[in-house]
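Protein chains in written order, with UniProt numbering: chain R, 1 to 130; chain G, 1 to 385.
Be a bit skeptical, because a hint or two may be false.
Stated by the list, open to error - Stretch-level coverage of chain R by chain G, calculated; a stretch enters the list once three of its residues show a Cβ under 8 Å from a Cβ in chain G:
1. 1-7
2. 20-29
3. 38-45
4. 56-64
5. 110-118
Keep in mind that the hints were calculated from the coordinates and are not lab data. Built from N, CA and C at the ideal position, the CB exists for glycine as well.
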Amino acid sequence: MDLRPFFQVDDGRVRLLGTRCASCGTAAFPTIRVCPACGGRDHLPAGLPARGRVVSSARVSTPPAGFGEPVTVAVVTLDDGPSLFALLSADPAEPAQLAAGTPVEAVPGPVRGGAAGFVFRTAREDRAAA
Amino acid sequence: MTDVWVAGVGMTPFGKFADTSIADLGATAVLAALDDAAVEPGQVHAAYAGHARTGQLHGRENGVGQLVLGQVGIRGIPVTGVGNFCASGSSAFREAVIAVKSGLVDVALALGVEKLSARAEKGRPLTSDGMEFEGEFGFTPPAFFALVAKTYMSRTGATPESLARVAVKNRDHAKHNPYAQYREPVTVEQVLGSRMIADPLTLLSCCPTGDGAAAAVLVSDAVAARIGRSRLVRVRATSLLSGFGSPVRDGHFEVDRRTAAAAYEQAGIGPSDVDVAEVHDAFTVTEIIHYEDLGLCPVGEGARFVDEGRTAIGGQIPVSTSGGLMSKGHPLGATGIAQVHEIVTQLRGEAGSRQVEGARVGLTHCAGGFFDGDVASSAVHLLGG
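Construct the entire structure; sequences and hints are all you get.
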């Protein structure tokens with residue numbers, strides 16, 4: 001599926017295209033219409049920084065079609081609040097699995113079938129502080 | 001308002017039946033249920049058909065109910081397809097219960113059918129409907145439940161051995177169930193030593209797929225009085241909720257807790273009144289978590305519960321006496337009604353070598369699909385008593 005409606009890359013940094021409540025600031029990804037926190041109807045488009053923390057990660061030996069090798073997946077909670085299912089970077093310099101609570105950030109990278117998307121890796125310190 | 005009674009149940013064996021059509025599978029289950037209820041096809045006033053993959057696999061996204069019922073001469077009644085992921089059968093059963101409860105009809109039929117052996121991607125986990133976005137990032141159902149398992153195990157200290165004991169127990173139960181697809185016993189070592197799918201879930205920690213059908217006949221008080229109530233089983237509660245929580249964060253399923261609480265409230269009973277249960281053991285870890293979420297054991301003690309044999313036949317509260325999805329396989333649309341089949345068989349005292357002595361109240365639980373980090377649906381029914 002075409003992931004372009006879901007993210008953009010600015011200066012090497014991934015932003016997830018979600019929404020944010022004009023009334024209370026609650027963020028959502030993917031986009032929603034009505035705020036789950038305050039009921040506000042103005043959930044406006046927002047580019048959410050793809051930074052957060054690992055909730056749980058697991059090595060998947062039998063991935064779906066379109067992946068040649070085993071992959072590591074995770075659920076990541078973004079600093080802005082929403083959580084998403086994430087593919088972790090296959091970079092050999094990255095740990096094979098990330099403990100719960102590990103700070104992570106997304107970088108552009110291949111997803112299923114080698115298509116252009118984004119993958120999460122351990123956060124670099126300069127960005128974790130940003 | 002009338003009570004609702006299960007007057008009859010029927011099912012096919014679950015397995016891989018390449019040469020049997022979904023029409024034939026469904027018709028076999030429906031005829032068995034009608035005969036069990038001593039109800040003629042012409043007496044059925046409404047029917048609900050659960051199926052989840054017939055569109056993708058058999059070019060029939062709609063109309064499976066009409067296809068099956070056309071085989072047995074049931075036409076000219078309201079027939080509705082019910083799609084709700086793995087809970088499609090449970091949801092069809094619920095719709096049939098509601099139809100009778102409402103007073104609109106006196107006899108309703110719930111059926112579920114699936115033929116998954118037609119799928120092409122053998123050797124890989126079944127994908128989940130509606131998860132195309134997450135699939136780009138490697139999502140599969142075992143991957144999701146592996147993440148839940150990691151959180152649950154770190155919270156509770158549950159070990160891979162305890163998880164494996166669910167598969168061992170359910171296979172042990174299945175040896176007495178002629179409808180189960182896999183009836184050979186397995187050991188903890190075999191479960192842990194089988195091919196890794198998504199750590200910590202090995203192949204034998206995941207339920208197999210399969211083909212099959214199941215059906216149930218629901219009747220009102222008026223029809224129950226005519227049939228005679230000696231073999232009828234009362235439906236005490238039907239509860240269905242969509243997901244809203246975060247099981248990977250929580251290590252449990254908040255939606256199941258709320259669905260079960262609503263069912264117990266409807267029935268005016270509590271978990272300690274349940275004598276036998278069929279739960280959604282799609283993965284070993286999920287059965288353990290379901291013990292806790294359904295209130296069958298205290299929170300955090302699910303692993304100890306299976307370790308001590310309390311959910312085995314002969315234990316405190318036998319779970320998955322049919323062998324569960326682990327041994328029967330999981331033909332999505334049929335699964336929820338097959339659970340009802342097992343509980344009705346138990347409550348009638350007709351379960352033979354796997355009979356739970358003195359079983360009066362039974363529970364079925366089926367969860368289905370995924371949405372926004374949670375399961376999409378949770379269904380709980382209470383029967384008997």
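Status of each hint after checking the structure:
1. 1-7: holds (count 3)
2. 20-29: That given contact is violated, which follows from only 0 residues of the segment 20-29 of chain R lying within Cβ reach (below 8 Å) of chain G.
3. 38-45: violated (count 0)
4. 56-64: holds (count 9)
5. 110-118: Answer holds; 4 residues pass the 8 Å Cβ test.
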